[in-house]
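Top to bottom, those sequences are chains R and P. Heads up: the first sequence begins at 1 in the working numbering, then just goes up one per residue. Heads up: the second sequence begins at 1 in the working numbering, then just goes up one per residue.
Incorrect hints may have been included.
[As the list claims (entries may be wrong)] Here are some chain P residues pointing at chain R (derived, C-beta under 8 Å):
#, residue
1, Thr-32
2, Asp-35
3, Arg-38
4, Tyr-42
5, Val-89
6, Trp-97
7, Gly-103
8, Val-123
9, Ser-124
10, Leu-126
11, Leu-127
12, Arg-130
13, Met-203
14, Leu-207
15, Arg-209
16, His-211
[What the hints assert, rightly or not] Every beta carbon over 10 Å from chain R, so not counted as near; a handful from chain P, in silico:
#, residue
17, Ile-36
18, Ile-39
19, Phe-55
20, Glu-81
21, Val-82
22, Asp-151
23, Arg-210
24, Ala-217
25, Arg-221
These are calculated hints, taken from the structure and not from any lab test. Cβ atoms here follow ideal geometry from the backbone N, Cα and C, with glycine treated the same way.
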Amino acid sequence: MIRNLFLAYAATWAIHLAYMRFLASKYARLAREERELEKK
Amino acid sequence: MNKKLIIFAIITVALLAYGFRQAMFIAPTEETMGDIQRIFYYHVSSAFSAFACFFLNMVASLVYLKSRNPKTDAFALAAAEVGVVFCTVVLVTGPLWAKPVWGIWWTWDARLTSTLVLWLIFVSYLLLRRFSTAGQTPVLAAVLSIFGSVDVVFVYMSIRWFRTQHPQPVMGPGGGGLDPRMAHALLWNFLAFACWGALLIWMRYILERRHQLIEEAYAMRAVQGVAR
Chain R
1 MIRNLFLAYA
11 ATWAIHLAYM
21 RFLASKYARL
31 AREERELEKK
Chain P
1 MNKKLIIFAI
11 ITVALLAYGF
21 RQAMFIAPTE
31 ETMGDIQRIF
41 YYHVSSAFSA
51 FACFFLNMVA
61 SLVYLKSRNP
71 KTDAFALAAA
81 EVGVVFCTVV
91 LVTGPLWAKP
101 VWGIWWTWDA
111 RLTSTLVLWL
121 IFVSYLLLRR
131 FSTAGQTPVL
141 AAVLSIFGSV
151 DVVFVYMSIR
161 WFRTQHPQPV
171 MGPGGGGLDP
181 RMAHALLWNF
191 LAFACWGALL
201 IWMRYILERR
211 HQLIEEAYAM
221 RAVQGVAR
């Protein structure tokens, strides 16, 4: 029972951290695109 | 980086830590379910945040259809994406709570099924935005989100309208009541997750606006190139 409680909390933050990672990769890609735009 | 965003992020993390403490250590243990009931504080707060995100998405979509302002379109996308994240949490934590309490991971009752349909509608909204190449994509997405938002009302009311495996409401109209210490923990988690959702929407909105401005710059250069 308690295992599922920990799993639920771990899953919640794993999902949010995965989304944060997606945002970080998007930020890096946009920064790269902006640099390329300035070069052209 | 945006100073206001950093201050808001620090406040949000403090609220989440306080909400976690309330949920895990301060709220009393429920008599019949035991400690597993503590999933409630994340599960319900995530559902509330998902509903709020989808509502904001609907409002932004309506404003976009009226104004065609790209800022409202960026906000609609941000709210839908964060709503899907919260709805995913609801769909994952729900079965983890259901298995030890009901003896089953899933049942096709009105609340669970309508929540899954809500998630699918907004995942399709995000896929439409990601893969459609038509110039009318924001308009089509806005219309889809308005129809999708109707399901939010259905999900919320389903436990009142139908006999479901999912428990009846414990708060609000028709609620069965909640121990004040549990209500206290729940309200802090509501607030903490609402702030967390707002923070994610804020960050995603900034990124989407940057994306829009880059696209605009490329389009302007293409037009100038043609003009020459």
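For each hint, the structure was consulted:
Evaluation of the P/Thr-32 hint against chain R yields a violated restraint, the C-beta minimum of about 12 Å exceeding 8 Å. About 6 Å separates the beta-carbon of P/Asp-35 from the nearest beta-carbon of chain R, less than 8 Å, and the hint is met. Annotation: P/Arg-38 was flagged as interfacial toward chain R, and the flag holds, the nearest CB pair being 6 Å apart, inside 8 Å. Among the interface hints, the one on P/Tyr-42 holds; its C-beta lies about 5 Å from the nearest C-beta in chain R, closer than the 8 Å criterion.
Against a cut-off of 8 Å between C-beta atoms, the interface hint on P/Val-89 holds, since the closest Cβ of chain R lies about 5 Å away. The interface hint given for P/Trp-97 holds, since its Cβ lies 7 Å from the closest Cβ of chain R, which is under the 8 Å cut-off. Taken as an interface hint, P/Gly-103 does not check out: its beta carbon lies about 12 Å from the nearest beta carbon of chain R, beyond 8 Å. Because the smallest distance between the Cβ of P/Val-123 and any Cβ of chain R comes to about 14 Å, over 8 Å, the interface hint for this residue is violated.
A cut of 8 Å between beta carbons decides the hint on P/Ser-124: the least distance to chain R is about 18 Å, and the hint is violated. Against a cut-off of 8 Å between C-beta atoms, the interface hint on P/Leu-126 is violated, since the closest Cβ of chain R lies about 12 Å away. Checking P/Leu-127 against chain R by beta carbon gives a least distance of about 15 Å; that is not within 8 Å, so the hint is violated. Evaluation of the P/Arg-130 hint against chain R yields a violated restraint, the C-beta minimum of about 12 Å exceeding 8 Å.
A hinted interface residue such as P/Met-203 counts as satisfied when its beta carbon comes closer than 8 Å to some beta carbon of chain R; here the least separation is about 6 Å, so the hint holds. For P/Leu-207, the interface hint holds, the least distance from its beta-carbon to any beta-carbon of chain R being 5 Å, beneath 8 Å. With its C-beta approaching chain R no nearer than about 10 Å, P/Arg-209 sits outside the 8 Å limit, and its interface hint is violated. Of the supplied interface hints, the one on P/His-211 holds, with its beta-carbon coming within about 6 Å of a beta-carbon of chain R, less than 8 Å.
With a minimum CB-CB distance of about 5 Å to chain R, P/Ile-36 fails to clear the 10 Å threshold, and the non-interface call is violated. With 10 Å as the threshold on Cβ separation, the claim that P/Ile-39 sits away from chain R is violated: the shortest Cβ distance comes to roughly 5 Å. At roughly 20 Å, the least C-beta separation between P/Phe-55 and chain R is larger than 10 Å, which holds for a residue marked as non-interface. Residue placement check: P/Glu-81 does not keep its beta carbon more than 10 Å from all beta carbons of chain R (closest about 8 Å).
Distance check for P/Val-82 against chain R: the nearest CB is about 8 Å away, which does not clear 10 Å, and the non-interface claim fails. With 10 Å as the threshold on Cβ separation, the claim that P/Asp-151 sits away from chain R holds: the shortest Cβ distance comes to roughly 21 Å. Look at P/Arg-210: its CB is around 5 Å from the nearest CB on chain R, not clear of 10 Å, so calling it non-interface is violated. For P/Ala-217, the requirement that its beta carbon stay farther than 10 Å from each beta carbon of chain R is not met, with the minimum near 6 Å.
With a cut of 10 Å on Cβ distances, P/Arg-221 falls inside the contact zone with chain R, its closest approach being about 7 Å.
Hint violations for this structure: numbers 1, 7, 8, 9, 10, 11, 12, 15, 17, 18, 20, 21, 23, 24 and 25, all remaining hints satisfied.
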